[in-house]
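Given these sequences and hints, build the entire structure.
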Amino acid sequence: MFKRSLVIVGGGPAGMAAAIAAYEHGVEDILLIERDQYLGGILNQCVHAGFGLNYFKEVLTGPEYADRFIRKVKNIRQIEISMQSFVVDLSKDKVLTFLKPGSLKQVQAKALIMATGCREKTREMIHIPGTRPAGIFSAGLAQKLINIEGLLPGKKVVIVGSGDIGLIMARRFFLEGAEVKAVIEIQPKSQGLIRNQAQCIEDFAIPFFCGHKIQRIYGNNRVEKVSVVQVDENFNAVAGSGFDIECDTVLISAGLIPENELIEMAGAAVDKETNCPVSNELNKTSIPGLFVCGNSFKVYDLVDSVSRDSVIAGRLAAEYSKGLK
Amino acid sequence: MNKKITCIECPKGCVLSVDLQNDEIMSISGNECPKGPEYALSEIKNPLRIFTASVSNPGQLLKMIPVRTDKPIPKDKLFMAMKEVKKIRLCRPVNIGDVIAENFLGLDINLVATRDSVS
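Residue numbers (this note's numbering), protein chains in the order written: chain A, 1 to 325; chain B, 1001 to 1119.
This list has only true hints and no planted wrong ones.
Lysine-lysine pairs mimicking DSS-like chemistry, simulated, CA-CA at most 25 Å apart:
(1) A:Lys-105 / A:Lys-3
(2) B:Lys-1087 / A:Lys-144
(3) A:Lys-94 / A:Lys-3
(4) B:Lys-1063 / A:Lys-100
(5) B:Lys-1075 / A:Lys-155
(6) A:Lys-189 / B:Lys-1004
(7) A:Lys-298 / B:Lys-1012
(8) A:Lys-189 / A:Lys-121
(9) A:Lys-105 / A:Lys-94
(10) A:Lys-144 / A:Lys-100
(11) A:Lys-155 / B:Lys-1086
It is worth saying that the hints were derived from the structure and are not from the lab.
Written out as C-alpha cells, the structure is:
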C-alpha cells in the first residue's frame, strides 16, 4: 500500500478541474484515477458545440473543452495519472483499492475526491412494458456508438424523454440519415435546455409529443413498433388517445443519476431518492475528508458548472489534506 | 408580423420577439444580452449553425475524429456537410485544430479536428 495526500477518482471534467485546483492550492502529491484509456470522460463523445461559454467565454465542442484540461493536467508533474484503473473498494478510513491491467493496488489517501459522474436512467427504471428485443439503447450509448465507434445503431428511431442527450441525439440521428419518428415526453413540456429544443428538434421538424408516454415496446428479435398514448395530469393514459409508431430503435433519455456506489461502500450517507451524497455543504459528504464533485455530487445542466464546483472541491480537499480544515 | 425566435447563443435560451413589416425588421425584444438581436437578424436573413460530426480515421487507435466547422455555416447546408464528411478517410494521426478540409463545401470556412488522434 502506498500513500497520497489526495486521490481523485474520475478523469472527466470534474476530476481534472479538481486536480488542477488542488495542485494550485499546494497539494504536491495527487493521484488521479481513470478507468478509460483516455482522459476527458463523457465530453469525448459530446462532439457537438455549446460548451464553455460560461467558463472559457467561447463556444467549444466537448472534446475541445476536455482538451484544455487534459493539457493542463498532463503538464503538472505533481499529478500522477493512473489510466485503465478501476476502483473496486473504498473504506471509511480512505483506503482505496483499484485494478489496473496486471495488478491490484491499494492507496491510503489523506483526502479523497470522487468525481465519478452520473449514469443514464434505464428502460427498467422508467417502467416501459413490452418485449426485450434488440434496438433499445440509452441515448448516451447511441451517442458513443455513432461518434466514437462510427456505427449507426438504427434507422427508424423513437426517443423516450426529452433530456438534453436525447434531443442532441435526435439531431445526430437525423443528420446521419436516420428517420427520427418522434420524441415522446411524459411531462407537459420539454425537459432539456430550451435552445436544444430549438436547434435539435424544431430545426429539423422532428415530431415532438409532450404529455405522452410509451405504453409498450413490440418486437421479437428487433424493435418493431411502440404504442404511444396521451397522459392526464396524473400520468395515466387517456382512453382512446393511443397510436402506434413503427420503428427499429428506441432511445431512452429520461434523466441522469449520480454514481455514488463507492462512497456508499465507505459508509457515507447517500440520499435514496436522488442518489446524491447527503451533505449540508457543497462537495462534502458525511465522512470528513471525503469529497464529491461534479455530476456525482449533483447532476448539472452544464459542464461549465461542473468545472466551477470542482475547483471548489479541489480547494476544500487541499485544505483538508494540509490539516487546515 | 411578429416572429418568436429562441436564441441558441447561450444556455439561457431567451425567446426573442421580432416585429417584421414587409420582411423589414422593425424591432427585436426579449433578449437579455447584445447577442440576441444579432442572432435574430442572422436567423431571419440567413440562419447559421456550427456543424459538427466525426470523420473516419481507419487504422488509427481512435477510429473516429470529431470535427467542426471553424465558423457557422448556413443551416440548409448541414445535410450536404454531412454527406461530404462521410467521404473523408483520414488514415493518419491528427492533432486538435488541424484542418481536415479546406474551403469546406466552397463556403470559405475550414473543417477542423477537435481532438488529438493519439493522447
